[in-house]
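Chains as they are written, first to last, in this note's numbering: chain A, 1 to 257; chain B, 1 to 257.
These are computed hints drawn from the structure, not numbers from a lab. Hints are not guaranteed to be accurate.
Taking lysine-lysine pairs in the PhoX-like style, the calculated list, with each CA pair at most 20 Å apart, reads [stated by the list, open to error]:
#	chain 1	residue 1	chain 2	residue 2
1	A	K257	A	K197
2	A	K257	B	K197
3	B	K24	B	K154
4	B	K154	B	K84
5	B	K167	A	K236
6	A	K20	A	K154
7	B	K236	A	K167
8	A	K167	B	K238
9	B	K20	B	K52
10	A	K16	A	K31
11	A	K154	B	K154
12	B	K238	A	K257
13	B	K52	B	K16
14	B	K257	A	K238
15	A	K197	B	K257
16	B	K236	A	K257
17	A	K236	A	K167
18	B	K70	B	K19
19	A	K24	A	K52
20	B	K181	B	K167
21	B	K84	B	K24
22	A	K154	A	K19
23	A	K154	A	K197
24	A	K238	B	K167
25	A	K236	B	K257
26	A	K24	A	K154
27	A	K31	A	K19
Number of protein chains: 2
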Amino acid sequence: MKYLKEIQSSKNALIKETKKLQQKKYRQQTKSYLLEGFHLVQEAVAANVSLKEIFINQRGLTEWSEWIEKNLTDYYLVSDEVLKTLASQPTPQGIVAIAEIIEPENEIELSGAWLLLDNVQDPGNVGTMIRTADAAGFTGVVLGQGSADLYNPKTLRSTQGSLFHLKVISEELNQFIPRLKQSGSPVFGTALDVKAKDYANIDRLENFALVMGNEGQGMTAEILAMTDQNLYIPIKGKAESLNVAIAAGIVMFQLIK
Amino acid sequence: MKYLKEIQSSKNALIKETKKLQQKKYRQQTKSYLLEGFHLVQEAVAANVSLKEIFINQRGLTEWSEWIEKNLTDYYLVSDEVLKTLASQPTPQGIVAIAEIIEPENEIELSGAWLLLDNVQDPGNVGTMIRTADAAGFTGVVLGQGSADLYNPKTLRSTQGSLFHLKVISEELNQFIPRLKQSGSPVFGTALDVKAKDYANIDRLENFALVMGNEGQGMTAEILAMTDQNLYIPIKGKAESLNVAIAAGIVMFQLIK
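Sequences and hints are given; from them, build the entire structure.
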């Protein structure tokens with residue numbers, strides 16, 4: 001039998017405290033963030049991510065009773081109003097949980113394929129790129145300075161849970177790239193310069209890094225100067241460019257062995 | 001010298017009438033739609049799309065004076081409040097125009113590469129796929145039943161103007177596919193069935209069609225039954241699937257000759 005408490009009002013102290021996690025600074029202070037919807041919560045549970053508090057409404061409880069029975073030991077039954085207060089979407093999907101931010105290990109294994117994001121600002125793009133990197137078999141994604149917050153609800157939703165499947169690290173790329181290069185992995189940038197190569201002419205690799213830049217401006221000059229080789233995707237039609245997440249998907253699936 | 005009228009109030013009759021174009025049924029009734037921002041309007045002008053009315057605020061007028069002088073002959077100077085009323089985004093980008101919906105020609109040339117959308121519901125996905133099809137050198141995109149409206153502001157924004165670069169047609173796929181097949185183009189579906197082939201093992205083609213399905217459910221059974229060959233993208237990590245626009249990008253760039 002579960003221990004079950006009820007919260008009807010969004011003025012409840014715990015709910016008010018939890019709602020603060022919609023702001024980045026509170027997420028950083030408390031090293032925790034909000035997960036919305038059963039899909040993300042299930043992925044977190046499957047990945048042994050520690051959930052501090054769990055809030056479920058009656059509909060969620062009914063729809064997911066079997067999974068809840070099997071996987072959760074302690075949660076709050078909350079009103080639809082409370083769930084709406086905690087969720088970023090107008091129709092919350094039955095559950096919101098407080099998850100613990102996992103600090104990356106000190107010694108990260110640098111082998112494998114890495115996706116590095118240089119100022120990718122749109123949460124949807126960042127989340128989708130993490131999902132795609134997972135699907136392509138990448139080892140990890142590094143969110144460089146200026147990139148969207150991993151724990152933004154829109155980023156989380158776009159990952160579809162892939163943040164629990166591979167390493168996702170927030171670190172300045174000018175620190176990470178030298179370590180990658182020292183480990184022997186070539187670092188590919190994406191830019192149109194005279195020495196850039198058609199991405200389709202690069203042999204497939206096991207160990208490498210691919211850097212994607214900002215939606216409008218592309219990669220910063222500082223990071224461009226650190227790459228071993230820049231790549232471009234030939235545009236055949238009249239489009240000026242590709243969406244950054246689409247470009248990342250095309251190159252990731254082409255490069256990885 | 002330009003003819004220039006001013007509209008200060010969003011209660012102005014023309015503004016109230018124009019605002020109705022935010023709804024699909026009015027777009028269909030009047031065969032017109034709203035374009036937001038100078039990038040989309042410039043692409044429309046470059047493609048000789050007829051603009052019925054143009055609304056610009058003071059900031060837009062100042063920032064784009066040279067282009068306006070050269071390209072526009074008749075427009076309204078409107079208050080920020082008026083522009084906000086017409087735009088879908090909280091910070092409208094200086095201009096909103098009423099554009100005419102162009103009916104497709106009766107006899108469509110079916111050669112080349114075609115992207116067919118079977119119930120792709122998200123406007124951002126549909127717009128991004130049109131942009132990617134343009135960049136990959138596709139001839140056209142067919143929005144099948146259940147797919148997001150091309151003239152939804154979010155679809156338009158995601159196309160980045162590519163809707164003016166290639167053919168975009170709304171037509172039922174069960175009508176369009178037989179004509180494509182009759183013209184000799186193979187039609188590839190995307191699905192995981194026992195006979196599906198790895199997309200990377202298909203020889204590049206000039207004339208073909210690729211069908212992408214709904215974000216959650218994939219292609220409908222009816223359309224699946226009409227394809228010549230189904231393709232899949234091998235997933236190497238633990239992601240369950242790829243975003244549909246990412247999958248489309250990967251396969252389009254791989255298949256087209």
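Going down the list of hints, with the structure as the test:
no.: 1; hint: A:K257 - A:K197; result: holds, 18 Å
no.: 2; hint: A:K257 - B:K197; result: holds, 19 Å
no.: 3; hint: B:K24 - B:K154; result: holds, 13 Å
no.: 4; hint: B:K154 - B:K84; result: holds, 16 Å
no.: 5; hint: B:K167 - A:K236; result: holds, 15 Å
no.: 6; hint: A:K20 - A:K154; result: holds, 16 Å
no.: 7; hint: B:K236 - A:K167; result: holds, 15 Å
no.: 8; hint: A:K167 - B:K238; result: holds, 12 Å
no.: 9; hint: B:K20 - B:K52; result: holds, 15 Å
no.: 10; hint: A:K16 - A:K31; result: holds, 17 Å
no.: 11; hint: A:K154 - B:K154; result: holds, 16 Å
no.: 12; hint: B:K238 - A:K257; result: holds, 17 Å
no.: 13; hint: B:K52 - B:K16; result: holds, 15 Å
no.: 14; hint: B:K257 - A:K238; result: holds, 17 Å
no.: 15; hint: A:K197 - B:K257; result: holds, 19 Å
no.: 16; hint: B:K236 - A:K257; result: holds, 11 Å
no.: 17; hint: A:K236 - A:K167; result: violated, 35 Å
no.: 18; hint: B:K70 - B:K19; result: violated, 27 Å
no.: 19; hint: A:K24 - A:K52; result: holds, 18 Å
no.: 20; hint: B:K181 - B:K167; result: holds, 18 Å
no.: 21; hint: B:K84 - B:K24; result: holds, 19 Å
no.: 22; hint: A:K154 - A:K19; result: holds, 16 Å
no.: 23; hint: A:K154 - A:K197; result: violated, 34 Å
no.: 24; hint: A:K238 - B:K167; result: holds, 12 Å
no.: 25; hint: A:K236 - B:K257; result: holds, 10 Å
no.: 26; hint: A:K24 - A:K154; result: holds, 13 Å
no.: 27; hint: A:K31 - A:K19; result: holds, 14 Å
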